[in-house]
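Visitor: Spelled out from the first residue to the last, the chains are:
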Amino acid sequence: MASPAGDILSEPRDHNSGEPLVEIRDLSVDYRTGRKTAVSVVKDINLDLYPGESVALVGESGCGKTTLALAILRMLPKLGVISKGSIRFRRRSGEMMDVLALGKEELRRFRWAESSVVYQGAMNSLNPLMRIQAQFVETIRAHRKDMSSARMHERAAELLKLVQLDPERVLPAYPHELSGGMRQRVLLALGLVLDPQLVVLDEPTTALDILTQRSVVEVLRRLQSELHFTMVFVTHDLPLAAELADRVATMYGGRIVELCDVHETFYNPRHPYTIGLIKAVPPVTGDPLEVLSIAGSPPGFGDMPAGCAFHPRCAFAQERCAVDEPPLEPVDPGHDAACFFADEMSLERKPVVADV
Amino acid sequence: MSQPLASTTATNAPAGIPDVKPTRGSGPVRSFLRALLRSKTGFVGFWVFLLLCLMGLFGQYFVKTDNEAHTNDIYQFPSSAHWLGTDFEGKDTLKQIIAGGQDVIVVGLVAALVSTIIAVAFGSLAAYLGGAFDSVVVQVTDFVLTVPQFPLLLVLSAYLQLDSAVLLALLLGALGWPTLLRAVRAQVLSLKEREYVEAARLVDLGTTRIIVRELMPNMASYILINFITAMTGAVYALAGLYLLGLAPMSGTNWGIMINEAWTKGAIFNSDSAFFLLSPLIVISILQVSSIWLMRSLEEIINPRLREA
Amino acid sequence: MSEATQRELLMRLENIGQVFNTKRGDVRAVDDVNLDLHAGRVVCLVGESGSGKTTTARIAAGLNSPTDGAVWFDGRDVTSLGRRDRGGYRRAVQYIHQDPYASLNPTRTVESTLVAPMRKHRMVRGRRAAHERAEELLKEVDLTPPGNFLPKYPHQLSGGQRQRVSVARALTMNPRLIIADEATSMLDVSIRISMLRMLGKLRDDLDVGFLFITHDLALAKYFGWGGETAVMYLGRIVERGPTARVINEPAHPYTRALRQAIPEPDPTLTRNKQGAMLRSAEIPNLLAIPHGCPFHPRCPMAQPGVCDVDRPDLFPVGGRADHTAACVRLDDVAAEMPLSEALVSANGEGTVPAEGGATT
Chain S
11 MASPAGDILS EPRDHNSGEP LVEIRDLSVD YRTGRKTAVS VVKDINLDLY PGESVALVGE
71 SGCGKTTLAL AILRMLPKLG VISKGSIRFR RRSGEMMDVL ALGKEELRRF RWAESSVVYQ
131 GAMNSLNPLM RIQAQFVETI RAHRKDMSSA RMHERAAELL KLVQLDPERV LPAYPHELSG
191 GMRQRVLLAL GLVLDPQLVV LDEPTTALDI LTQRSVVEVL RRLQSELHFT MVFVTHDLPL
251 AAELADRVAT MYGGRIVELC DVHETFYNPR HPYTIGLIKA VPPVTGDPLE VLSIAGSPPG
311 FGDMPAGCAF HPRCAFAQER CAVDEPPLEP VDPGHDAACF FADEMSLERK PVVADV
Chain V
47 MSQPLASTTA TNAPAGIPDV KPTRGSGPVR SFLRALLRSK TGFVGFWVFL LLCLMGLFGQ
107 YFVKTDNEAH TNDIYQFPSS AHWLGTDFEG KDTLKQIIAG GQDVIVVGLV AALVSTIIAV
167 AFGSLAAYLG GAFDSVVVQV TDFVLTVPQF PLLLVLSAYL QLDSAVLLAL LLGALGWPTL
227 LRAVRAQVLS LKEREYVEAA RLVDLGTTRI IVRELMPNMA SYILINFITA MTGAVYALAG
287 LYLLGLAPMS GTNWGIMINE AWTKGAIFNS DSAFFLLSPL IVISILQVSS IWLMRSLEEI
347 INPRLREA
Chain R
244 MSEATQRELL MRLENIGQVF NTKRGDVRAV DDVNLDLHAG RVVCLVGESG SGKTTTARIA
304 AGLNSPTDGA VWFDGRDVTS LGRRDRGGYR RAVQYIHQDP YASLNPTRTV ESTLVAPMRK
364 HRMVRGRRAA HERAEELLKE VDLTPPGNFL PKYPHQLSGG QRQRVSVARA LTMNPRLIIA
424 DEATSMLDVS IRISMLRMLG KLRDDLDVGF LFITHDLALA KYFGWGGETA VMYLGRIVER
484 GPTARVINEP AHPYTRALRQ AIPEPDPTLT RNKQGAMLRS AEIPNLLAIP HGCPFHPRCP
544 MAQPGVCDVD RPDLFPVGGR ADHTAACVRL DDVAAEMPLS EALVSANGEG TVPAEGGATT
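Protein chains in written order, with this note's numbering: chain S, 11 to 366; chain V, 47 to 354; chain R, 244 to 603.
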C-alpha cells in the first residue's frame, strides 16, 4: 500500500505490492489545428501510478509530457481533445472512478480534493491582487464549505511551515512581495491544502536559481515523505528526475519510450534516446565525461517519422526501425523499453578531458 | 493560467503547448492574408470594404450618366425602373449612389494617407531617436490634439474656399495625425527593445535601415489599422461637412445627396425616405465594413484576442 | 596561466560598475568588476539572478555604458574612440542573445538577415557574392546544406537553428570577441552540446575570444575547460580562476554551495549530496546589499564581527596567483563545506550499483 517515509537514500520501491492509484490505458490526446484537422500529440499511453510514488515524465520540447500530465486531470487547453483511451482513479473510499466520464461539477471537486496541479512560471499563477491568506481561503472554501475560518488559517499555516515558509510573513503578503522561489513554494502549499492523493507538477524548478531550486527539491522530498501523496512531475531536466523520481518515463514523439526505476534509467538505460539524453548532460562533479549531442532535432507533430519516431536520429537504427513501430515492452522485470534492439543497448560514458 | 504578452508577429509557442501552426506558404504576407480571411467578420469586412471602394472610385464609369430629371417622378418609391426610388428632381437614386462615391472615398483615402505618412514618419523617428527630438514631437502632437478638429474645420471653411477635394483631403489629413502618431510612437517604443532590433544595432545597420526594414514591417498590420481608422475618421468629418454645406458642392456624390436631402426638404416628406437613407446607409456600410476589417486585423496582431 | 597572457588581449574591463537609479533607490547591479578577454580564449561568467552577469556582458558588448570604470578595447578606452573607430569596435565585438525566438526579425528570411549587414558595410560586391558568403557562414555554424536554410523565415526554423543563424549573423562582422549571454539556456538539452561545440570550433579556427554567460556550472565547466571562470554574486566577482580549479575545487563558500546544489544525472550521487546548508535560500534584494561580505547572511561559515564588517578582497587560493576568492576563511572551507565526490572506480567509470540496491 502506501510506501513508508523515504529517506534521502531512497531505495527502489516495490511497486507491485499495492494497487494503483491511477490506471491509464491506451490514452491518446490530439490538438485541433482547424475545424476538421488535428495532430496527435500523445499516443497510446499505458501507465499505472501507485500511491506514494514519484514519477518523472522526462523529454524535450514537443514530446507530449506536459500534455500527458495535464490530461490525467483533464486540464488540457481548449484545443486539446482526448481521442482515445481511459483514465481511472481510485478514490479514498477505494472505489475506482472513470475520470473521463466525470461531469463538470464532479470534475471540479475531483480536481482539487483528490488531485491538484502546480504549474510552472509561478509568477503568473497567483492572483496579484489577493493576499496569500485570501488565496488559501478562496481555494479551501471552493471545495470545503464546512471549514471554519480559524481552521482554514491553521491549515494554511501548517502547509506553509511544511514548505519552509514563515506563515507570519507570508500569509499577509501579496505575491509581488515574495521572491520567485517563495511563490513556487506557496503554489506547492496551495496544491496540497486539501490533502490530495495525486499532485501533478509542471517543470517545478525551471526559471528558479540554482540554490532556490535546491530548496524546492528538498521541500518536495520532505513533503512527499510526510504526506505520502503520489507525485507526477514533468521536466526536461534529467538531473531533477535523478533527484526526485522513483520511476522515470522517458517520452519521445508523444509516446513513452522507456519506463523503469530511476536507478535503472541512469545506470542501465535501454532505449537509445534515454542513453542519448544522459550522454548529453555534462556532469559537474568529477572529471569531465564524454558529452554528445543527439543529431537532428525532435520532430514536429505534423511530420512524425514512419516506424520508430526516433529512428532518424538514432545511431543504432536499422531497416526495421523505419517501418515498424516498436511497442513498449518489458526488457527486464520492472523495466520497459520501446526498442527492437533494447537488449543490445548500454550506457558507456568515458571520461575524457573536455576538449571543447 | 495567463500567458505572457505575445509579440506583434507571434511566432513562438508557450512552453508545453505544442506549436502546431501549419507552415505551408512561406511569407508573412501570405499567412497574414490567410489569417485575415479565416474569420467571418474579417472576410466580409474585407470584401465589402473593397467593393465599396472600387464602386466609389470607378462606379461612375459604369453607369450611364444620363440621369434625367422627370419632374413627374419626384421621390418615387423603389420600383423595377428605379431600384432605390428617385430624388427630389426625379433622378434615379441608385445611379447616384453608384456614381457618387468617388469624392468621398478619394478624399477619405488621401486624408488617411497624409495622416498616416506624417504619423509614421515622425512617430517612429521620435520613438527611435528619443531625446530632444522626441520631446519636441510629443509637445507639438499634444498641442494639435487639444485643438477641436471639427470646429476648426468650420472656422477654416469660412475663410478658405473649400471647393477643391484635394485641399479638403490635405486639411483633414493635417488634422488627423496626432492620435495616430502617439499610437505609432508607442508601438515603436516597445518594438525597439526587441532583441532583433538590438541585434540589428549590434551589426550596425544604421537608423534608416533599422526603422524601415526592422521596425516597419513588424508594424505593418498596426499601421494598416491606423490607416483605416484615419480613413473612417475622415469620412465621418466629411459627412458632417457635407451636411452643413461646407464642402465642395458641385456635381453629385453621397455627401451632396445628404445635403440635398436636408436642404431640399426630404425630411418633411415621407416618400423621400429612400433618397434620404441611401447615402447614409452606404456610408454606414463603408464604416462598418472597415471596422470589421480592423477588428480581424487586431485579432491577428494580438493573439490573445483570438479564441486559442 | 602564462599561456593566456601570450594571446592577444582584446578587451579589458577595469573596475566596472553600473548603478541604476530606480524609484526605490539606487541599485548597484555591478560593482568593481575586472575582466580580461583574450583572443581564442574563453572566460565564463557564472551567477544566479541579481549577480550582475548580464549587465556586465552588455557593458562589454557596448550596449550599456558603465557608470564607473572603463572599458579598454585594443588598448584604447572606448569612450575616447572617434566615430570610425567606434564602428570598428562595434563590429569586432558581437553578442548572442538568449532567446532564439526573439533575436531574428520575423519578416526577414535567413538570407536577408545575413546579407543586410554585408551590404550595409560594403563587405561584398553584388548579390552573387553576398549569397555565397551567406552560404559559407551557414556552413561555419553547421547549418547544411545552406541552400535549405537561406530562403526560410524564422518561424520555419527550430530554436537551435535560429540560434545558429544568430551566430552566423554575428560572424558576418568577422568579430574578434563574441559574448554569448545564456545562448543555450532555451535550447533542448540534446542540442546544447552541439551548439557549444560549434562555438568552440569558431574559437579555435577563427581565434575568436568568448565571454560566456551562464547560470549552469556544468556548461561553464564544459565550454570553459581550458579557460577562466569568474563567479559573480550581487554584482561582484567572488571567485575567479582556471575553470578546472574553480569548478572542481571551489574555494569560496558560495561557489561550494552552488556545486553542492546542482542536481547530477546520477541518482546515488545526487541524493547523497547534503543540502547547501545555507542559512537562507533567498537572494537578498540588490537595494539592500548586506554590509561587509555580501554573502555573510547566508554563509554557514560567517563569523560575526568579521564577515559583517569588512568586505573581503580577492585573496589567492592555495598560494596561487591565478585562483582568487573573496573570503577571509579560505583555509577552513574544505573542512566545513565538504563536497560529494563522484564514485570513481579503477577504470575511470562511475560506479554502477548492484541491481536493486544503492551502494555508497
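Hints listed in this document are in silico derivations from the structure and should not be mistaken for laboratory results.
Quick caveat: nothing in here was measured; it's all calculated off a predicted structure.
Heads up, some of the hints might be wrong.
With beta-carbon atoms standing in for the labels, derived distance ranges [claimed, not checked]: (1) R:THR265 x S:MET106: 53 to 61 Å; (2) V:GLU239 x R:GLY318: 29 to 37 Å; (3) S:GLY312 x R:GLY390: 38 to 46 Å; (4) R:ASP317 x S:GLN328: 54 to 62 Å; (5) V:THR87 x S:ASP36: 38 to 46 Å.
The calculated DSSO-like cross-link candidates involving lysine-lysine, where the alpha carbons are at most 27 Å apart (straight line), are [what the hints assert, rightly or not]: (6) V:LYS238 x R:LYS395; (7) S:LYS360 x R:LYS516; (8) S:LYS46 x V:LYS86; (9) S:LYS46 x S:LYS155; (10) V:LYS238 x R:LYS266; (11) R:LYS363 x S:LYS171; (12) R:LYS363 x V:LYS238.
C-beta atoms are modelled at their ideal positions from N, C-alpha and C, and glycine is treated no differently.
Visitor: May I ask which of the numbered hints given earlier this structure violates, with the numbers listed in increasing order?
Guide: 3, 9 and 11
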